[in-house]
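Using the sequences and the hints given, assemble the complete structure.
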Amino acid sequence: MVVIPDSCFVIPSSFDIRASSFIGLMETRYRAFSISRILAITLNTLTELTRLRVFYVLLVFALLLIGSSIFMAQFSFQQEFQILKDVSLGAISIFTSLLAIVATARLLPQDIEDRTVYTILAKPVPRFEYVLGKITGVLLLLAISTLVMSAAFLAVLYLREQAVIHATLRQMVGAPPEQLADALREIRSSALNIDIFPGIIIIYLKACLLAALTLFVSTFATTNIFTIVVMVFIYFIGHLQATAREYWLQEHSSGLLTRVFLAIVALLFPDLQAFNLVDDIVAGTAISLALFIKTALLGIFYTTMYTLLAAFVFYGKEL
Amino acid sequence: MTDSPRRLVTPESGGGGGRAEASPAVAVQRLTKIFPVPLHPARGIVAVKDLNLRIEAGEVFGLLGPNGSGKSTTLKMILGLVSPTRGRTEIFGRDSRLVESREAVGFLPENPYFYKYLSGEETLRFFGRLCGLRGARLKERINELLELVGLTRARKRRLGTYSKGMLQRIGLAQALIHDPRLVVLDEPTAGVDPAGSREIRDLILDLKRRGITVLLSSHLLAQAQEICDRVGILADGVLVREGHLRELIAIENQTELVIADASPQLVSEIESVINRSNAKLIERRKSTTTLERLFLEATKNDKRMTKSE
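Chains as they are written, first to last, in the working numbering: chain P, 1 to 319; chain V, 320 to 628.
What the hints contain is simulated information worked out from the structure, not anything from laboratory work. Bear in mind the structure is a predicted one, so any value in this text is a computation, not a measurement. Certain hints may be false.
[As the list claims (entries may be wrong)] Only pairs whose alpha carbons sit at most 20 angstroms apart, straight line, appear in this in silico EDC-like list of lysine to aspartate or glutamate: (1) V:Lys483 x P:Glu161; (2) V:Lys483 x P:Asp114; (3) V:Lys435 x P:Asp114.
Right, dumping it as structure tokens:
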């Protein structure tokens, strides 16, 4: 005879007692805006992205590129430092931009496809907080990546500077102290100049802008590939549009319609060339405080605007 | 809409640990959802039409229907994930569109696919934090729920390595993390083997025992029959039947007797009594077990043998 147990799944007898005592503790008042909820989503997004292999591949590529720039330099130390800065800052800029687009493009569509978004939004989590948590997770990831790449770049620059100083000291044995001091000053000034730091901050803000824009595009895109392709287009248009606009205005001096069209283009596609301060840094041209603040504010404005737009579109989205 | 009798909620029968309320757990009024067809704004696909529903606190309600009948869309509208074209839904008297209405709800979607890079414990911690839990309270709750769903030993394993049944159980645990008064389960046993399915059934019955209202959708009718107090049947977005299960499936003019150890003489005597009366004997057969029970018993014995070997 087949004997059927009442339940093949054993529920611990102690559970009810503890659960019922827990009920009183569980009464938490709902807050319309909660930093801890956003932080939970931020940290989860960061965990998700750091556990993706693509993140490490990008870092390795960036580090390889910085390393290889050492061997490319077989010129005078001025040229060597110039190439090192040019290649490294260029690599940091490209890799943070790429990371911003690739990492952000998958966040919302993946959650929707996997239905994870249902479980999150079925909790008392406003949609705005969900979007904000996602973007801050990406911005945190970009900050860590930029810091790691910048640290590696500065370390390489410092090591090369020390190597050149030692070589110069060896070559100039017996030279007058003033001449030696001049040579060392020249080496130091061509290696590390203070403009590198605002330059890196602007690179980071450009990546933030691209991440926020990618998030916005992904709110109405149906696939990751679509988002990435659109963003690649926007990336190139964003870099070219300022030059194109100047050329257009010079050649076809400006009817009202042209100006309106160009204004719309400028509004939709951020002027990414404005964030390109690498050339100035490499050339040794000082970045004025006014230029830095203006560019930084532009980056923060665009990032905020695109995040708000993403939240707005996501708010009305049927899941 | 069938006007179902009000239940008195007692500590034994439920009420969420003494939190009985006048408002029903779920109230749905004239709910309609029409999905627009791209490029044809005048046309639309009617997913749900004029749905009225009232689920009292403490009961297990089954929303039944074939695929595409509007079950999931209804659940999503109740949870505020999809906005209705017309009508309104409330959870314990609060409009579903308000985020705070979700304080009282736990949801397990159909075929959930959580973050596979997180372990079972990390998953519950994440969802707990979203509900405002932290510190020792959260830790205690995670331990309780992992024990409840039988995943204590797998707590450190990543969800990518979990079986379908385990995913469903961790999904149920996350739905319960903030001790909700209403649990919404969309096809909770879809794709789960009979043993896993029975585990989930037992968990649902335990929730009912603790006074938690359960709203589940299913097209597995035998299982719904085992656990639901009331059911509603949806067809093409319209609620075609609704009421207490026993009343709905009872055949008014028939009676079943199940007799153990009856001798052939006794059975003959009963038959002759029936024949002498106006009643009619429709069927006489040996009682059988269900295929599910047979399966569970057989696989359980196999496991025991494998262990002893």
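The hints, checked one at a time:
1. V:Lys483 x P:Glu161: Outside the cut-off at roughly 58 angstroms; violated.
2. V:Lys483 x P:Asp114: Satisfied, since the Cα-Cα distance of roughly 14 angstroms is no more than 20 angstroms.
3. V:Lys435 x P:Asp114: Distance of about 10 angstroms is within 20 angstroms: holds.
This entry does not satisfy hint 1, going by the numbered hints stated previously; all others are met.
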